[in-house]
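Peer 1: Sequence:
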Amino acid sequence: EKGKTTDGTPFAYYRLPPAPRPRTMIARPLVFLRHPTSLSRSLGAASSADASVGGPPSFPRFFPPGEARPPRSTPPPPLSSSSFHPARVVFGSFDPSTVRGKRRIRSSSHSPCSHSSSSHSYSRSYSSVCSDDLASPDREVVLTLPDEDGPGTGGIATLALNRPESANAVGRTMLSQLQQVLTALESGGGSMSMSMSSSMSVRVVVMTSTHPRVFSAGADLRERADMTRDEAGKFVSELRETFCRVGRLPMPVIAAVDGAALGGGLELALTSDLIVAGPGSTFGLPETSLAIVPGAGGTVLLPRKIGIARAKELIFTARRIGPTEALEYGVVEYAVTGE
Numbered sequence: 001e002k003g004k005t006t007d008g009t010p011f012a013y014y015r016l017p018p019a020p021r022p023r024t025m026i027a028r029p030l031v032f033l034r035h036p037t038s039l040s041r042s043l044g045a046a047s048s049a050d051a052s053v054g055g056p057p058s059f060p061r062f063f064p065p066g067e068a069r070p071p072r073s074t075p076p077p078p079l080s081s082s083s084f085h086p087a088r089v090v091f092g093s094f095d096p097s098t099v100r101g102k103r104r105i106r107s108s109s110h111s112p113c114s115h116s117s118s119s120h121s122y123s124r125s126y127s128s129v130c131s132d133d134l135a136s137p138d139r140e141v142v143l144t145l146p147d148e149d150g151p152g153t154g155g156i157a158t159l160a161l162n163r164p165e166s167a168n169a170v171g172r173t174m175l176s177q178l179q180q181v182l183t184a185l186e187s188g189g190g191s192m193s194m195s196m197s198s199s200m201s202v203r204v205v206v207m208t209s210t211h212p213r214v215f216s217a218g219a220d221l222r223e224r225a226d227m228t229r230d231e232a233g234k235f236v237s238e239l240r241e242t243f244c245r246v247g248r249l250p251m252p253v254i255a256a257v258d259g260a261a262l263g264g265g266l267e268l269a270l271t272s273d274l275i276v277a278g279p280g281s282t283f284g285l286p287e288t289s290l291a292i293v294p295g296a297g298g299t300v301l302l303p304r305k306i307g308i309a310r311a312k313e314l315i316f317t318a319r320r321i322g323p324t325e326a327l328e329y330g331v332v333e334y335a336v337t338g339e
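Position 257 of the sequence shown, counted from 1, bears residue number 257 in full-length UniProt numbering, the numbering being contiguous throughout.
These are calculated hints, taken from the structure and not from any lab test.
Quantities reported herein were computed from a predicted structural model and do not represent experimental measurements.
Heads up, the beta-carbon is just placed ideally off N, CA and C, and yes, glycines get one too.
Misleading hints may appear alongside valid ones.
[Claimed, not checked] FRET-style restraints, in silico, Cβ to Cβ:
1) P137 <-> A291: 36 to 42 Å
2) R203 <-> S289: 23 to 29 Å
3) A309 <-> E165: 35 to 41 Å
[To be verified] Straight-line Cα separation of at most 25 Å, SDA-like style, residue types lysine to any residue; simulated pairs:
4) K312 <-> S289
5) K305 <-> T337
6) K305 <-> D273
7) K305 <-> I254
8) K234 <-> E223
9) K312 <-> T337
10) K305 <-> P250
11) K234 <-> G278
12) K305 <-> P286
13) K234 <-> T324
14) K234 <-> G280
15) K305 <-> E223
16) K234 <-> T299
17) K305 <-> A225
18) K234 <-> Y329
19) K305 <-> L274
20) K312 <-> L274
21) K305 <-> G280
22) K234 <-> R248
23) K305 <-> A291
Given these sequences and hints, build the entire structure.
Peer 2: Quick look at the structure:
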């Protein structure tokens with residue numbers, strides 16, 4: 001268009017045509033994901049239009065190339081199963097309140113534990129796995145089952161880590177014995193050579209240490225240094241799966257920590273249902289200062305319990321915290337004083 005200003009100066013300008021609306025199935029999802037307000041306005045407009053015609057609220061519909069688009073004055077058509085909408089895909093897949101969302105979260109690769117039933121060898125009865133006494137003090141993992149004649153011990157089993165010369169570091173032997181103990185607990189006591197009635201049921205497991213100043217220092221790095229890359233990867237995977245079995249036990253598990261719970265020791269404690277910290281307890285993931293990622297689920301279990309922000313702070317700094325700060329952060333449920 002051409003014209004003149006008030007002082008007689010001629011001018012000319014060009015009116016650009018409006019930008020075409022996206023008609024592909026990819027352009028709009030990108031806009032909605034980058035601009036949540038656009039998504040909320042679109043959802044609100046669709047709900048208002050549906051309410052004006054007395055229909056149920058529905059999501060806006062995308063029209064692929066070649067499909068006829070109705071006039072703007074008509075209400076949006078009902079959402080069919082073949083139509084696509086990014087909000088419905090996102091909300092339906094990751095919303096924990098939906099069945100599909102729960103299944104998607106459980107099958108997510110971010111979960112350190114497998115929730116599917118498996119047929120591993122540890123599902124067999126204890127008598128087919130090992131025949132030694134699980135309560136022997138010479139073992140690295142000692143299981144003490146409740147004595148029906150003992151006062152105040154009804155239904156309480158004690159799982160004690162017993163490798164004080166190595167700060168209860170988890171090696172191949174301790175891992176194997178821990179699997180045997182878990183198999184016995186999963187089978188409800190099984191056929192073990194224990195001085196107790198076989199009908200005595202275990203209702204609570206207390207996980208602790210025979211050494212008063214350490215709970216567990218994590219994986220045995222000396223033993224791991226002699227492993228090949230494939231052997232180390234297999235060991236870490238087996239360690240993670242074994243720790244997850246603690247969280248899947250049919251009875252509650254209480255971790256009584258009165259000493260250092262570092263690295264894999266903290267990850268083992270996090271698999272329990274409750275953590276009770278003694279006055280000399282210490283918690284942390286110090287392996288991150290050596291550029292080692294916690295391999296037994298610590299990067300998932302810790303944020304799940306205390307939140308992402310505080311978990312990042314502990315993981316990035318490799319800082320160790322005491323019982324009072326652990327209680328404040330939410331790492332433990334109880335912090336006791338005294339013996």
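Peer 1: Taking the numbered hints from earlier one at a time, note which ones the structure violates and give those numbers from smallest to largest.
Peer 2: 2, 9, 11, 13, 14, 15, 17, 18
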